[in-house]
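> Take the two lone chains and join them into the complex the hints point to.
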Amino acid sequence: MFINQQVEIETLPKLSTIDLKPISGQYFKIVIFNKLIIYSLFIGLVIAGKFIVQKDFFQTNYTIIIGVVILCCLINFVLARLAFKKRKYAIRNKDVIYSKGLIVNSITTVPISRIQHIEESRSWLARQLHLATLKIFTAGESGSDLKIDGLPLEEARQINDFLSNKVNENN
Amino acid sequence: MKITDFSQPIRQSSKGIIIIFAFNAYKFFKRFFVLFIAFGVSLARKKTFASLTPQTIILIIIGVLIIILIIAILKYLNFKFYLSNDDFHLSTGILNKDNTIIPKSKIQNVYIKQNFLQQIINVVSLNIETAGDEKSEIEIKALDKATALLLKEELFTTSNIRSEEIETNANVRVFFKVSPKRLLLEGISQNHFRSFIIIASFVFGFYYEFKDYFRELKLKQRLEDFITIDGDNIVNFLIINTLFIIVAIIVSLFFSVVKTFITNYNLEVLEHNTKIEINKGLFNKLSLSLTPNRIQNLIIKTNRLKAYFGLYTLSVKQAMVQAKQQKNYKIVAMEKAQTKNLVLKIFKSYNEDVKAHKPKKYYKYILAYRALLLTCILNIPAFFLFGNKFWLINIVLVFTCFLYVTFKYRKAYYKIDEEYVTVGRGYIDTITEIFEIHKIQSIELKQNLFQKRKNIASLNIATASEETTIPYIDKTDAMLIYDYLLFKVESQDRDWM
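As you go down the protein sequences, you meet chains A and B in turn. So the first sequence is residues 262 to 432, counted in the numbering used here. So the second sequence is residues 1436 to 1932, counted in the numbering used here.
Derived from the structure by calculation, the hints contain no laboratory data. A portion of the hints provided could be inaccurate.
Computed footprint of chain A on chain B; a stretch qualifies when at least three of its residues, placed anywhere within it, have a C-beta under 8 Å from a C-beta of chain A [unchecked claim]:
#1 1869-1881
#2 1895-1904
#3 1917-1925
Restraint ranges, calculated between C-beta atoms of paired labels, are given here [unchecked claim]:
#4 A/E381 with B/V1686: 52 to 60 Å
#5 A/K347 with B/F1672: 50 to 58 Å
#6 B/F1744 with A/S384: 52 to 60 Å
This one's a predicted model, so the numbers in the text were calculated from it and none came from an experiment. Glycine included, every Cβ here is placed at the ideal spot set by N, Cα and C.
Isolated chain B (complex conformation) (with noise of 0.2 Å):
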């Protein structure tokens, strides 16, 4: 049913009942999580737990989960909401009663979600977000498709625009849509070490959580036999420890594929007049607008693997969102060509192609010496585990210390022009920044002992989502650049939101 007048206060669909109550469950079973576990371990050793008999333990939960039903049935009579001019209103709460109001001119963003449930159900949720911290967002949990779409458009105007933006919203045009085919090579060409520490981290928590239960399974004692078998032998060891690694590679790159594909699924961005729109997940739809003048830094990603794909990462970083919902702002898997043309349509008059400077020399030998001094120092714990043949690993450490302080020289430079700033940095990510000069909200100039006496120093940045620094520049140069972005901002007075 598609709810048209918002004036009157409604309730979200009755489906809501639904998500709140399995929302709620979740949340319970989650906490208890541990307990369960217990519960069952115990129950299958001495089929008691805690004197209480399995039928009175499954009266219990049955009891919890009509206790959380019910609740749920009274959030949802309690949750109302409805418009009022350029207002929207919000009453909550069965004993408290909450009841919030939001200036429709304060809503920085508004979002739909589908989650697993609410696809099967066919319900999404809008969520609503305010600037300030992060218990301002509200969440309205199910509503139809339909109904979502008119409310975040009623919510996004204002009675005095009205007539403009509707017309607007015509003129829709897929500006980039995912292949399976790229999100895959995007998958592939993932850092895997990240996704490896994720499942180890995952791995060491749950074995943590559990050592009780994995002492009795005798697992370490099996698992020292298994390795001990030859352990003088440093043949044997290299091959365990191989097929180790490559196991770990395998399962990493499955699921970094696996991660790729859930959070960027049918991804797609759609270009309105004045706004872009981001669609994109599997279990997790999310429809995510962004409004330009918002956009504080552009950040385009790619790596030597990646560029030779031809895929590129843009994020963008919005004022006032919070960290959580950041990470969503990143279009993956685009064209070079898309990466550029989206840039432009964010940022009007940006242009390329203007003189780019690079860090002093300095920066490279201060690079070197840092690598050297992480080389020295891990070859202590090489020295523990490897014997008398620990300076082998010198050889690869060197070599790797060579390589970052190579590409992360060649990599780093800076572009100033007119209106825009423009960053490039990483080691094996290509990585380059863009503001808007008058979007600066602080200026940092950086100088230690040994920098005064080269005469160099490094600036910092600040826009309102990100700061980002000019690495080791002539110190004339950087206080001109210091001086002349101040006076960009300064004598404009152009607003930075």
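So here's chain A without its partners, still in its complex pose (with noise of 0.2 Å):
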């Protein structure tokens, strides 16, 4: 049966008033880890430039271009570290949210009716730290797939049953 009732917009869930739960501090080693592979990648291609590179331009400025790469590096890990603040999750009775970003902020959100599958995956760095990932998977564009990094490995277990057993019962 239908019922068109009136909708009254203020007395709506508000999204502005949910508390959005950080995620793991301990995922910020992953973090740490991944961009250190990619900094030592950069600079080891700097420092392997200047055996290779024979110009006279990039030998003579040669302080100054790899001053530059590693002040990029900096930059690039102090925005990392305030973006990792921005990374926030929550659970609603209905919905999933998840909030990202420093210079473009977004949040997310998935009604668990439309949820697909969920999926648990862990690498070996999150293993030691005990921590897992979730997706949550819909049947929309492959953007709006939604991907929750380093949530403690209890708590992931915890959302996935929860979500599992929604999803199960819609269907």
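Below, the structure written as structure tokens:
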């Protein structure tokens, strides 16, 4: 039966009143690890360049070039640290919310009734730190899938169970 | 011969051998196309190829063709299908036997196709699409049309609703049929730039493949001679360029018109009681059916020229349809009223007269900044191309930027009512996207640092086939919409498919 009740916009559950929960601080270690690999790759390339590239311009300004690369890495690192604090999530009775990003902040919500399946994945590092990543898939475009990194393992399991139960109920 | 009993394993029409043979031979020759060209060229020059005489090579080719024919016959003999209860069974494979069973309820789409060869020998192919990846598609390559139609009907009717369904099929109404004149107009008013890019990439690709042979023809030198007759003279340079542009436009125009005719020849939209059917195509005849509950987004497109001719294109985006097939669900050259009627047919309670809201003025500034940045960047190559006169192109560029910003902003709006979201956008094209609120899969609110200072945000709303953006609206409005849409989705408990 279809009931067409009037909607009072003011009384709707509000996004702004939700307490979003930060992800585990442990996960920052994984972020650092991944970043370090990329930084060392870049800096390594520049160092290797000193022995390979024969151009005068490159050789005379070498200190400046390597300085700029290191500075870029440092800025990137600071931004990553600040952005890390923005990674937050919340599970409501009817939907899952995930928010991230410092320069471009986004809040994504997936209604539980639209979830197709849930995947829990753990990299080697995450296993050492007792963390897990939850991937929530919808039928939508690939962009509409939700990925929550760095959840404490125990919590990830609980969320997974809770959502799975809800999804199965709906079917 | 019309087959009416699908309960016993049957083969496709024996003409299928020809189709399978032609298809495999085509695939084979396409793969070794370059080799054949090389063979032809070296034969013309040295009378031999890889120390083989022409006779041997012809024998080899004939041998290969015979092998392909044998494979085709074996494939035909081993291709059997039948219906039992509510399942479709298919067994294929010469050495590796494959048995596929598809429950009727899992069939997403059945469409009938007829390519040029199939038209000649008067058979059609029937494609069965299921949800899932691209490999899950089944194609029966040769059936006579009556059998195919019957099988299609059988596949769509599960045993319990059979009687009902047959009744409704009696009620077929031609909703829309395109006239050649409208198709011609549609072809002319297409985006020729796209056609030009297709032709250009084809020519370059061809040139790249046969670079060596072209080099022998000394084409480049001749071309250079031709261009540098009076290289210093800017007038000459301009004339040659204008000529080139005119030729390019004419070729693109011709290409667009021919392409439109080939893909949309005899386009018609049929209306059954529950389903809508699209038929079209000249060489590749297609018959597609739309099921309203699978439709996710409707996109109406027109541009200034097309609107003047009264030409509107409606694309229907369905869930679980492959990208390749997706572009076929497009109905071109409709009149405005017809588009409206079709939208109403699919979205029953759609109402156009809802208050439209516009993005914030700030959106205009951002568009202007972006366009001007691009203009600045474009000045660099212009400097190298035209020397000191480079600033002249800025007159054109700034004018284009101005038009871009004005039109893009003018065409952007959004409407939200009880059941539907409508979003308008476009620069050259005028695009209207419509979708039902209960088919939303996820909502994202996006805000960058600059937007944050102005309290502005963008919304991305995804359905199962499309992501729609409502750009640069007031953040409080965005939050309200966010909450409202979520409430609608979560409180209704309606299925998205």
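> Each hint: holds or not?
Quick rundown of the hints versus the structure:
1. 1869-1881: holds (count 7)
2. 1895-1904: With 7 residues in contact (Cβ-Cβ under 8 Å with chain A), the coverage given for the stretch 1895-1904 of chain B holds.
3. 1917-1925: n = 7 at 8 Å, threshold three: holds.
4. A/E381 with B/V1686: 52 to 60 Å: The hinted range 52 to 60 Å holds for A/E381 and B/V1686, with Cβ atoms some 56 Å apart.
5. A/K347 with B/F1672: 50 to 58 Å: Between A/K347 and B/F1672, where Cβ atoms are some 55 Å apart, the hint holds.
6. B/F1744 with A/S384: 52 to 60 Å: With a Cβ separation near 57 Å, B/F1744 and A/S384 satisfy 52 to 60 Å, so the hint holds.
Consistency with the previously given hints is maintained throughout, with no hint failing.
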